[in-house]
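**Q** Note that the protein sequences, when read in sequence, are chains A, B and C.
Per our numbering, the first sequence starts with residue 1, numbered consecutively.
Per our numbering, the second sequence starts with residue 1, numbered consecutively.
Per our numbering, the third sequence starts with residue 1, numbered consecutively.
It should be emphasised that the hints constitute simulated quantities derived from the structure, not laboratory data.
Each hint should be verified, as a subset may be incorrect.
As the list claims (entries may be wrong) - Here are the computed lysine to any residue pairs in the SDA-like style, where the Cα-Cα straight-line distance is at most 20 angstroms: (1) A/K21 with B/E83; (2) A/K194 with A/A162; (3) B/K116 with A/Q51; (4) B/K2 with A/S419; (5) A/K411 with B/F54; (6) A/K192 with A/A375; (7) C/K301 with C/Y139; (8) A/K66 with B/G81; (9) C/K49 with C/I421; (10) A/K347 with A/N365.
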Amino acid sequence: MKYVIIGNSAAAVGCVEGIRKYDSDGEILLVSKEPYATYSRPLISYYLAGQVDARHMGYRPASFYKTHRVTTLLGSEAVGLDTKDKSVRLSDGRTVAYDKLLIATGGVPFVPPIEGSDAEGVMTFTTWDDAKRLKRLVPRLKKVVILGGGLIGIKAMEGLQAHGTDITVVELMDRILGLVLDKTATSFLERKLKEEGVHLVKETTIKKIHKDNAGRAVGVTLENGRELATDQVIIAIGVRPNIGLVKDSPVETNRGIVVDYFMRTSEADVYAAGDVAEADDILHHEPRVIPILPNAYKQGKVAGSSMTGNEIEYPGGMVMNSVEVGGIPAISAGIMNPPDDEGYEVKRLIDRKNGVYRKMVIRDNRLVGFILIGAIDRAGIYTGLIREGVNISPFKNHLTDLDFGVICFPKDLRTYKISNVYM
Amino acid sequence: MKRVYAKEEICAGCRLCEVWCVVAHSKSGDIVKAFNSEFPRPLPRVMVEEAGPFSFALQCRHCMEPPCIEACMTGAMFRDGAEGPVLHDPEQCVGCWMCVMVCPYGAIARDVTIKKIASKCDLCQGEEEPSCVAHCPNEALVFEDRG
Amino acid sequence: MRFSYALPEFLVERDLERCIRCKVCVRQCAFEAHCYDEETDTVSVDSSKCVGCLRCVTMCPTSALIVRQNPTSFKENASWTGRAIKDIFKQAETGGVLLTGMGNDRPYPIYWDHILLNASQVTNPSIDPLREPMELKTYLGSKPDRLDIKKENGKLTLKTRLAPQLELRMPVMFSALSYGAISLNASKALASAAKEFGTYCNTGEGGLHRDLFQYADRTIVQCASGRFGVYRDYLQAGAAIEIKIGQGAKPGIGGHLPGEKVSEEVSKTRMIPVGTDALSPAPHHDIYSIEDLRQLIYALKEATRYEKPVSVKIAAVHNAAAIASGMVRAGADIIALDGLRGSTGAAPTRIRNNVGIPIELAIASVDRRLREEGIRQRASLVAAGGFRNSADVVKAIALGADAVYIGTSALVAMGCHVCQICYTGKCNWGIATQDPYLEKRLNPEIAKERLLNLLRAWEHEIKEMLGGMGINAIESLRGNRLHLRGVGLSDTDLDILGILPAGR
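Extracted from the complex, chain A is given alone in its bound form (with noise of 0.2 angstroms):
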């Protein structure tokens, strides 16, 4: 059995622990167009900031080829795929037969068209090597502009804060993290930034990047009219899923490549997985991109089991992060900000003055979601609450209290959850 893997993230991980679990035998190939070890993606702002070193970006350890008996093909791009005769074709013009193969080929940064994005000195913040890259002009950047005020966004902020650059964030919607949070949720955040003097311009975005003689980024026009001075733009709106290999190839594909529960793709023995993947939303109850790590690492596992013929299926994903903005730990899952109209009752807890903000989003008895700023401390049981689908009636009330724990279910469950294995 020759398993090939397209990508080298987190679902490539996942698959290769989850080929592994029961093939120690079949062969198994991984090619990444990036020229490193498997490392942490999310660890890159991390490296910006300096706060870990590159002996420390990595996933696995560096023996986590050799011990699961992975042939590398790093620094090699996929960039043809015949189902047919069942090859991937690589950028140096080689092919690479499989028997099983998964596309885990992540997602790429979108760029929308601006006016001057051309120039240099504007980039996106995704890889390693953009985080290289910037830490290399970081002495020289003065004033630094980030378009989007998401994730991507303020990790890349957070790893300038560290060396005192000068900072605006220009963001679409009327908060940062708009995603990710609610309103009050953001305002905690908000308030610190301003503190630490981050500049935020809200409800507008990149009108045009000016350049001066030699091409470089000098400054930018807002669509509100509004002009800065720049020495860099990163453009952090977002990702979207890899699907550039299988474009041309019968593989379904919607907004990202369609798959099943165990992570098959329209076709025979094409498996997807991760940030290129539109699996199961467990809160949505539909196909959804769900671009975080932990969801890729899962996928990449059921396909891998699924790829040696034990089915295990993907139990479905849902929204979650875990984001620290200027030293205050939020911690957010599922739908944070339901509609007005559709059943949906929300419990809050607003303590500004210790920083605490907690929201419970309730549907049906269930929870479906949650916020959790400055008190994060077992947000987990939240997260089992709303995977496990457990009614929360009888404990609803104490749903936000800063001592809610296990202690607060039903005799029976709780009994259940310590006397018992999680899966």
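Start from chain A and add chains B and C according to the hints.
**A** Relative to chain A, chains B and C alone:
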């Protein structure tokens, strides 16, 4: 594998399990030193939950499919062998709290004493019996293999 | 009254160098003697709240606590002891009857400590119980006056119909400790230990909780003046029925369970409303004579088809011997005598400390009286009240008892520290309490194991003592007062006890 299980009916809520967990993970292993002179003092990796007359001690369940390992973005969280405990490499941890976000038992604590780092039960690696179990005065904690 | 003149009984001292501020003491003291101050990160103590139960001392992981008698004392004299002064203060401050728990703590003579056992030397070989069989098995119940034996085809068959008997592996049973006075976990421990060992426990007047029915075949069910928890299934479940007339700790008055201890479960078991004081009448209102007693005995025998022995328990009082004679004639299969030092969960201090007679004298006089009247075999004699060790048990058997009840010894085995505050319901050891926060401190499995260990240890010791006397069956010791000698006793005491002085 062997895990620690709590008996709620006879947990006296004394929290000696927390105390001895701290001692077990301290530098000296001496209870008075661990609390009165050592820095940093480790966080207890077992937590007594209490509500009214009810209480029990809870620590990492060492899940079969650990959500914390799946969510760990740095690879700091790992399983020690196929049937071993879920362990945590403090060197690799950056304190992103992804594990805190997904642990359905809320059994991973945030240690911010020196650097941000996750703190969780390691079943007192190398000991025959975890310290919390060995020191529970009412035998409300047991260490056994329930499959 | 805001200010009390009473001095703290104990002084609690904390070694600040060893204290790690873990707050175990704070959490474990139901009397709130320890208090943590977050601001200064220190634990302080209010000695006046300490009851001397030593829970904190035992639980403190660094041995940082010492509890001792308060060295400050009143200006005492032989008449006005500190205790006398303190009692007056308490009553002057409350206007109430003084309450207490556990057994009589006054310095009355303890005759066990003035009675010595014999041992074989030269003329009669002693027996090594580890090498030779030794029988401690005891049957409680009425024995026939004579046995009719029929011989048919060379085979012997017993014609006499024997009265129902309780079979004990060793002549030690657990006293009447009611569920209500003690926690359900404590009751479970006693009942399961009795069952596993092969002896009996006694419900007291607490009824039989549904979780305890599984041990009912090793449980003596009591029928007391309040009739709490008495119904058909209860009577039929027990191995024997005991009519409680009186209790050694409080002869002449009925049981008293404070309302604080009447929890939901106690209420269900006793069949009384939650939170109400369970006050048993001083007398049974249907028993004003021996004849009335006979009616109840036979009513109970009828109700259980003569399949269970019926015991009658009285407090050992001045004319115990005459009453016992009446009880036997009224049809009691077992006479239970509860002596002056018998314990209780709650009793008025004055009653506990001043009413009744020592169990040693009661055993001797009752046994003698029943022998003299030729009815000793018609009932077994069970003694209770202050048995502290196996030697006390052996001496009691030699004085004439068939078996003994142990209460305080069993409680102490489970963890009781005899601090005498059972009546508050705030037992820090989880024994004499119904507070759900406190009662889970007693792990019934551990408590059961401790009880079993105690019984096994006593069993072994009793065998050793019997063997030393050259006796290989407890039967041979019963009423065998020649194996006893008195030391430091008056001629009258010796006469009542029916024993010779040491040296004679």
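**Q** Among the hints numbered above, which are violated by the structure, and what are their numbers in rising order?
**A** Violated hints: none; all satisfied.
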